[in-house]
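Which chain is which? The protein sequence lines are A and B, in order. Sequential numbering from 207 applies to the first sequence in this note's numbering. Sequential numbering from 207 applies to the second sequence in this note's numbering.
Don't take every hint at face value.
Identical copies go unnamed one by one, so any copy, or any two together, can satisfy a pair.
Claimed, not checked - Calculated pairs, SDA-like style, for lysine to any residue (alpha carbon to alpha carbon, straight line, at most 20 angstroms):
(1) Lys-320 x Gln-425
(2) Lys-510 x Leu-446
(3) Lys-319 x Thr-386
(4) Lys-319 x Pro-303
(5) Lys-481 x Glu-450
(6) Lys-320 x Met-305
(7) Lys-320 x Pro-303
(8) Lys-319 x Met-305
(9) Lys-320 x Arg-382
(10) Lys-261 x Gln-314
(11) Lys-320 x Gly-258
(12) Lys-320 x Gly-260
(13) Lys-319 x Ala-480
(14) Lys-510 x Ala-496
(15) Lys-510 x Leu-215
(16) Lys-481 x Gly-260
(17) Lys-319 x Arg-382
(18) Lys-320 x Ala-384
(19) Lys-481 x Arg-382
These are computed hints drawn from the structure, not numbers from a lab.
Chain by chain, the residues run as shown.
There are 2 protein chains.
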Amino acid sequence: MNAKQTPFLSRLDAVAAETEALLDRLLAATPIDGETSRPARLIEAMRYASLGGGKRFRPFLVVESAALFNVPRQSALMTGAALECVHCYSLVHDDLPAMDNDALRRGQPTAHKKFDEATAILAGDGLLTLAFDILSRPQTHSDAAVRIELVTALARAAGLGGMVGGQMLDLAAEGRFAGTGPQRLGETDVRTLQAMKTGALLRFACQAGGILASATRSQREALERYGSAVGQAFQIADDLLDLEGDPTLVGKSTGKDAAAGKATMVGVLGVSSAKARLNRLVAEAEQALAPFGPAAAILIEGAKFVADRHA
Amino acid sequence: MNAKQTPFLSRLDAVAAETEALLDRLLAATPIDGETSRPARLIEAMRYASLGGGKRFRPFLVVESAALFNVPRQSALMTGAALECVHCYSLVHDDLPAMDNDALRRGQPTAHKKFDEATAILAGDGLLTLAFDILSRPQTHSDAAVRIELVTALARAAGLGGMVGGQMLDLAAEGRFAGTGPQRLGETDVRTLQAMKTGALLRFACQAGGILASATRSQREALERYGSAVGQAFQIADDLLDLEGDPTLVGKSTGKDAAAGKATMVGVLGVSSAKARLNRLVAEAEQALAPFGPAAAILIEGAKFVADRHA
Chain A
207 MNAKQTPFLS RLDAVAAETE ALLDRLLAAT PIDGETSRPA RLIEAMRYAS LGGGKRFRPF
267 LVVESAALFN VPRQSALMTG AALECVHCYS LVHDDLPAMD NDALRRGQPT AHKKFDEATA
327 ILAGDGLLTL AFDILSRPQT HSDAAVRIEL VTALARAAGL GGMVGGQMLD LAAEGRFAGT
387 GPQRLGETDV RTLQAMKTGA LLRFACQAGG ILASATRSQR EALERYGSAV GQAFQIADDL
447 LDLEGDPTLV GKSTGKDAAA GKATMVGVLG VSSAKARLNR LVAEAEQALA PFGPAAAILI
507 EGAKFVADRH A
Chain B
207 MNAKQTPFLS RLDAVAAETE ALLDRLLAAT PIDGETSRPA RLIEAMRYAS LGGGKRFRPF
267 LVVESAALFN VPRQSALMTG AALECVHCYS LVHDDLPAMD NDALRRGQPT AHKKFDEATA
327 ILAGDGLLTL AFDILSRPQT HSDAAVRIEL VTALARAAGL GGMVGGQMLD LAAEGRFAGT
387 GPQRLGETDV RTLQAMKTGA LLRFACQAGG ILASATRSQR EALERYGSAV GQAFQIADDL
447 LDLEGDPTLV GKSTGKDAAA GKATMVGVLG VSSAKARLNR LVAEAEQALA PFGPAAAILI
507 EGAKFVADRH A
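One chain only, chain A, in its complex shape (with noise of 0.2 angstroms):
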């Protein structure tokens, strides 16, 4: 909250609020039904790794895209709650010394250097479990079917083939593995990696309300072709940051990519290049949502927030 503060940031906060003190409530250190108990070190580390920091810019794509049919906001809410776990949980994974080995994450210790490796790996396995538990719950929606489907579609999303598997396409072009140099990437396998390892996720996102809606084939299509739109942005933003944003905004290490020789859009196509992209997929993110007339207003101001974002 500042002075600045404009009805779309005023909404966005609203959601990460309310985000907030549901994660809150749900991992209480209390079991419940079906559970023996709540390991006090394992509670405190998933409440580490997933309370207290982030934009909670998935949740509120959830909750968005969810009110253009007038969804319950509480479906929308915990729908985005067990996104946000399954996000929590793969930045806990990605930071771990195996991986990319970070210390800083939101300008804090990563899981791994506040608790310990163990703690950590364990924590993020407990946070992905918790995600499906959520979805699964009757306060995420009263039928059954529709909760089966976000269970698909979030696992789909979050998979092999998608999330996990982006992030081994990843670590597989930095040449990772022995035998294995970097690689250099083309645009087709950069996007195609993107499209998995951060495009997945914000893309169920966008998804998520049409299937709590029971939306329409061309109401579910719209959302898809925005939510693919915004994550390329999401993407191209973050590369675009990693090169020339301030490390004390954007509260982890920048420079990194290119010295790991990460493949990234701004990398295969150059700063200009990419900042024309990025206009251009919020141009497609806009037009997507058309057929919705002017309740979309907000998720389109959420495409230019992703696009102009500075942390």
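Here the structure of chain A is known, so what remains is to put chain B in place on it, guided by the hints.
Only chain B this time, still in chain A's reference frame:
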């Protein structure tokens, strides 16, 4: 298969062969609907971690508990395959250097030895995610409400209040965290730890038959009592094997528990009391299934098999 093949062992082997074939199809190289691509190295590691080994005792429990109610075998096999994905992911992550640091599993190099740590972490994440994907598919059950109940039950069994929490308690008992030393756990603490670490998935296996069949409350409670007894028996037998077993039969290093100061029921009770407890647990398992009459004979043999196994 050998000359001493009993009817019990042929049924166990049959489930193992069907589970193997099913996992082989589920882990095909071709992406499915909602996936972008399946990176070759990731699929290879996930297949390495889940195919070609194991007695598939958990899928056996699912299939034979479901068979009490004449649930279609396909449903039980899909559920068993999902459960086996969770079991195999947990082995891959538990074997990691930051966790139990094991080099051998079923007589073969562990996943991080065969590949590398990053690939092993991602293969585990991918298997856990795939488990929920599998449960969510219509082939698992025609009724979405049944599938969602499986998702909830597996998530609770596998997550922070079940298996993942149990591994955390196990590491804590070994004094693995900074500023702590090995703990001398009492019988109750050891029982809780094991009910979570290994018991939860075995209980889920037995519970799953009742969920797939929409069984009555008392039928489900009977299966849960059976599953709980089998889970405890399984762990005591495992601890006895570690103490007395032949490493060439067991397929992993033995004597490690004592060396690591692991909290085991054998350690708490002593060998002869642990063996007496094992016999009582088999009797309890048998008693729990009395309401099902002779149809439950194979599950009772399963409990005896767990208690008597030498590898």
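Tested hints:
{"no.": "1", "hint": "Lys-320 x Gln-425", "result": "neither (44 angstroms within a copy, 46 angstroms between copies)"}
{"no.": "2", "hint": "Lys-510 x Leu-446", "result": "within (15 angstroms within a copy, 62 angstroms between copies)"}
{"no.": "3", "hint": "Lys-319 x Thr-386", "result": "between (29 angstroms within a copy, 17 angstroms between copies)"}
{"no.": "4", "hint": "Lys-319 x Pro-303", "result": "both (10 angstroms within a copy, 16 angstroms between copies)"}
{"no.": "5", "hint": "Lys-481 x Glu-450", "result": "within (12 angstroms within a copy, 66 angstroms between copies)"}
{"no.": "6", "hint": "Lys-320 x Met-305", "result": "both (17 angstroms within a copy, 17 angstroms between copies)"}
{"no.": "7", "hint": "Lys-320 x Pro-303", "result": "both (13 angstroms within a copy, 18 angstroms between copies)"}
{"no.": "8", "hint": "Lys-319 x Met-305", "result": "both (14 angstroms within a copy, 16 angstroms between copies)"}
{"no.": "9", "hint": "Lys-320 x Arg-382", "result": "between (25 angstroms within a copy, 15 angstroms between copies)"}
{"no.": "10", "hint": "Lys-261 x Gln-314", "result": "within (15 angstroms within a copy, 45 angstroms between copies)"}
{"no.": "11", "hint": "Lys-320 x Gly-258", "result": "within (15 angstroms within a copy, 38 angstroms between copies)"}
{"no.": "12", "hint": "Lys-320 x Gly-260", "result": "within (18 angstroms within a copy, 36 angstroms between copies)"}
{"no.": "13", "hint": "Lys-319 x Ala-480", "result": "neither (34 angstroms within a copy, 40 angstroms between copies)"}
{"no.": "14", "hint": "Lys-510 x Ala-496", "result": "within (15 angstroms within a copy, 65 angstroms between copies)"}
{"no.": "15", "hint": "Lys-510 x Leu-215", "result": "within (12 angstroms within a copy, 63 angstroms between copies)"}
{"no.": "16", "hint": "Lys-481 x Gly-260", "result": "neither (24 angstroms within a copy, 52 angstroms between copies)"}
{"no.": "17", "hint": "Lys-319 x Arg-382", "result": "between (22 angstroms within a copy, 15 angstroms between copies)"}
{"no.": "18", "hint": "Lys-320 x Ala-384", "result": "between (30 angstroms within a copy, 11 angstroms between copies)"}
{"no.": "19", "hint": "Lys-481 x Arg-382", "result": "neither (29 angstroms within a copy, 48 angstroms between copies)"}
Hint violations for this structure: numbers 1, 13, 16 and 19, all remaining hints satisfied.
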